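S.K.: Protein sequences, first through last, are from chains A and B. In terms of this note's numbering, the first sequence opens at residue 1 and continues consecutively. In terms of this note's numbering, the second sequence opens at residue 250 and continues consecutively.
Calculated from the structure, these hints are not laboratory results. A quick note: this is a predicted structure, and the numbers were derived from the prediction, not measured. Even glycine gets a Cβ: it sits at the ideal position worked out from N, Cα and C. Warning: the hint list may mix true and false statements.
[Claimed, not checked] From the structure, some residues in chain A lie toward chain B, with a derived Cβ separation under 7 Å:
hint: 1; residue: 125
hint: 2; residue: 141
hint: 3; residue: 214
hint: 4; residue: 215
hint: 5; residue: 223
hint: 6; residue: 241
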Amino acid sequence: MKILVPVKRVVDYNVKVRVKPDQSDVDLANVKMSMNPFCEIAVEEAIRLKEKGLAEEIITVSIGPAQAQETLRTALAMGADRGILVQTDQTTEPLAVAKILAKVVEAEGPSLVILGKQAIDDDANQTGQMLAALLGWPQATFASEVKLDGEALEVTREIDGGLQTLAMSLPAIVTTDLRLNEPRYASLPNIMKAKKKPIDTKTPDDFGEDITPRLQVLKVSEPAKREAGIKVENVTQLVDKLKNEAGVL
Amino acid sequence: MSVLVIAEHDNAHLNDATRAAVTAAKALGGDIHILVAGHNAGAVAQGAAQIDGVAKVLHADSEALDKRLAEAMEGVVLSLAEGYDALLTPASTSGKNFMPRIAAKLDVMQISDIIAVEAPDTFVRPVYAGNALQTVKSSDAKKVITVRPTTFEKAGDQGACAIETVDAGTPAAASRFVGEELSKSDRPELASAKIVVSGGRGVGSAENFAIIESLADTIGAAVGASRAAVDAGYVPNDYQVGQTGKVVAPDLYIAIGISGAIQHLAGMKDSKVIVAINKDEEAPIFSVADYGLVADLFTAVPEFEAALKG
Ligand SMILES: Cc1cc2nc3c(=O)[nH]c(=O)nc-3n(C[C@H](O)[C@H](O)[C@H](O)COP(=O)(O)OP(=O)(O)OC[C@H]3O[C@@H](n4cnc5c(N)ncnc54)[C@H](O)[C@@H]3O)c2cc1C
Ligand SMILES: Cc1cc2nc3c(=O)[nH]c(=O)nc-3n(C[C@H](O)[C@H](O)[C@H](O)COP(=O)(O)OP(=O)(O)OC[C@H]3O[C@@H](n4cnc5c(N)ncnc54)[C@H](O)[C@@H]3O)c2cc1C
Numbered sequence: 001m002k003i004l005v006p007v008k009r010v011v012d013y014n015v016k017v018r019v020k021p022d023q024s025d026v027d028l029a030n031v032k033m034s035m036n037p038f039c040e041i042a043v044e045e046a047i048r049l050k051e052k053g054l055a056e057e058i059i060t061v062s063i064g065p066a067q068a069q070e071t072l073r074t075a076l077a078m079g080a081d082r083g084i085l086v087q088t089d090q091t092t093e094p095l096a097v098a099k100i101l102a103k104v105v106e107a108e109g110p111s112l113v114i115l116g117k118q119a120i121d122d123d124a125n126q127t128g129q130m131l132a133a134l135l136g137w138p139q140a141t142f143a144s145e146v147k148l149d150g151e152a153l154e155v156t157r158e159i160d161g162g163l164q165t166l167a168m169s170l171p172a173i174v175t176t177d178l179r180l181n182e183p184r185y186a187s188l189p190n191i192m193k194a195k196k197k198p199i200d201t202k203t204p205d206d207f208g209e210d211i212t213p214r215l216q217v218l219k220v221s222e223p224a225k226r227e228a229g230i231k232v233e234n235v236t237q238l239v240d241k242l243k244n245e246a247g248v249l
Numbered sequence: 250m251s252v253l254v255i256a257e258h259d260n261a262h263l264n265d266a267t268r269a270a271v272t273a274a275k276a277l278g279g280d281i282h283i284l285v286a287g288h289n290a291g292a293v294a295q296g297a298a299q300i301d302g303v304a305k306v307l308h309a310d311s312e313a314l315d316k317r318l319a320e321a322m323e324g325v326v327l328s329l330a331e332g333y334d335a336l337l338t339p340a341s342t343s344g345k346n347f348m349p350r351i352a353a354k355l356d357v358m359q360i361s362d363i364i365a366v367e368a369p370d371t372f373v374r375p376v377y378a379g380n381a382l383q384t385v386k387s388s389d390a391k392k393v394i395t396v397r398p399t400t401f402e403k404a405g406d407q408g409a410c411a412i413e414t415v416d417a418g419t420p421a422a423a424s425r426f427v428g429e430e431l432s433k434s435d436r437p438e439l440a441s442a443k444i445v446v447s448g449g450r451g452v453g454s455a456e457n458f459a460i461i462e463s464l465a466d467t468i469g470a471a472v473g474a475s476r477a478a479v480d481a482g483y484v485p486n487d488y489q490v491g492q493t494g495k496v497v498a499p500d501l502y503i504a505i506g507i508s509g510a511i512q513h514l515a516g517m518k519d520s521k522v523i524v525a526i527n528k529d530e531e532a533p534i535f536s537v538a539d540y541g542l543v544a545d546l547f548t549a550v551p552e553f554e555a556a557l558k559g
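Please put together the full structure from these sequences, using the hints given.
M.R.: What follows is the structure, given as structure tokens:
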């Protein structure tokens, strides 16, 4: 069985992004970029399934600029077998990404696609679900536990009220939540080995997909700043302020 | 213009987030219908009929819709989508789960987690953990939208409108419900509570979390947590507040032993009043707190609780 793991290159989660003064976008010049943390969890899960002998090959794919190669290399260093870079400098919205991924699935024939539940840049939380719909596959989003037994997949999901467990047969889509696993760090030997692993470079045109954005960004603005308030001396003063100044108790 | 709001519920109760989605729908203009898709959810349909501004309730009932799994929701919503210019649902884990499937099938780019409606085709949504607000204009003929419930007023009540039974459609693929483990609690629901008391890694253990819960119960608050507290197993996953957990905006948010990472702030910085109790006076949480108390939580929290009881 093959597993496909799409990975996205995003602003590192430690970076506090700033809005450009002309409000056209956020300023990403010279900002540290990393693999989206949820994608790391997806790569890790695929590797664990392979280590258990439940999968033969892990293919990782990224849709983005030339630098997304680095993200693929990270996945390869962690343990994915080969990469596909669908190179474009255009903004790719989840719908466009899902359409390209559907074509990659057709070409590569994986039985399982594991994605992150959301990318921490645009926080859209859509791509996996869209891909599932385009393929007509079942989905298990926000996974905190994945059990695979032959073709039978059982997934525990993080939902608003607690946890929910679903069963489905492969092929299927899984999206990862934070507590599914703790991704490994690539060791130096593996980082070196990853450099020799193959990455196939393609373009969206190769898949015949129109990726023109449907959403036009009119403006990117700074949220209203919250001013720091005061420090209270002790609990008595805190209670007094909450009751008599803020009126919330 | 006509808008379909897909109700959030558990077959017994209509979730208030639906009322927020109705308010967003009103901003779009036109007739508003609500779809209640579920199993034995007649009471929910009746509740939905009484939401102010709703012209009609569509009620789909089938066993397949019992847990509102994504594949079944795709079937029923797609069978109705043609008649509407916009489809809206709250950005809950349920809405986030099924709505993108519908968008993809309609060949529409979903607009996720909107916090404002500027025009029927223009919306504001937070990106980068709320560090930026993006105003986007959609060129799609039909709009598929998830609504952040905390930023829209909850629509009020009206005399009940008509309820029409509709076909449940066919699930798009097979997935089967196996079981669930829901947190049971008499406390208010985290996402809509007026007061939230949250604990972080500083609380130290699951046992110690009792002091957070005890304070919460004294003031009728919901209990939340940082990711670190959830990861460490102090509390269940559904307590997590933040960019990748729940977004809350209560009248009062009390952060205890939480440092204030951007991912946590993304989930609570729209609270009306924020209190932080932390022993590190440099903790970033103080930069958003209206009232900060630099203290050891193990002495300050019991003292705080005693003062409120007294
Ligand atoms: C997403 C991610 C998070 C990580 N977080 C941590 C962490 O928190 N703590 C931690 O200790 N490690 C961490 N690692 C371990 C990782 O193996 C490297 O140490 C790290 O990526 C190198 O950082 P860099 O900024 O120099 O990388 P880059 O700028 O990408 O690396 C530059 C070059 O350095 C070389 N290189 C990469 N890794 C190493 C290495 N380990 N030793 C020597 N040369 C190297 C490579 O040739 C690479 O092209 C993380 C790795 C990844 C992929
Ligand atoms: C992809 C991704 C998504 C994330 N999503 C979320 C999210 O949704 N929500 C979230 O919360 N985090 C999220 N995080 C994690 C986030 O970055 C922080 O790691 C986390 O919020 C830290 O939790 P904390 O403040 O409890 O712990 P810490 O940062 O360890 O802070 C503990 C605080 O407790 C204080 N303290 C310790 N002992 C005491 C005491 N006795 N009395 C008083 N104060 C004390 C310390 O001074 C410290 O400030 C995410 C991270 C990533 C990478």
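S.K.: Does each hint fit the structure? Answer for all of them.
M.R.: Cross-check of the supplied hints:
The closest approach between the C-beta of residue 125 of chain A and any C-beta of chain B is roughly 5 Å, which is under the 7 Å cut-off, so the hint is satisfied. Nearest Cβ of chain B to the Cβ of residue 141 of chain A: about 5 Å, under the 7 Å cut. The hint holds. Hint status for residue 214 of chain A: holds, given a least beta-carbon distance of 4 Å to chain B, under 7 Å. Checking residue 215 of chain A against chain B: minimum C-beta separation of about 4 Å stays under 7 Å; hint holds.
Using the Cβ-Cβ criterion of 7 Å, the hint placing residue 223 of chain A at the interface with chain B is satisfied: the shortest such distance is roughly 5 Å. Below 7 Å, beta-carbon pairs count as interface contacts, and residue 241 of chain A has one with chain B at about 5 Å; its hint therefore holds.
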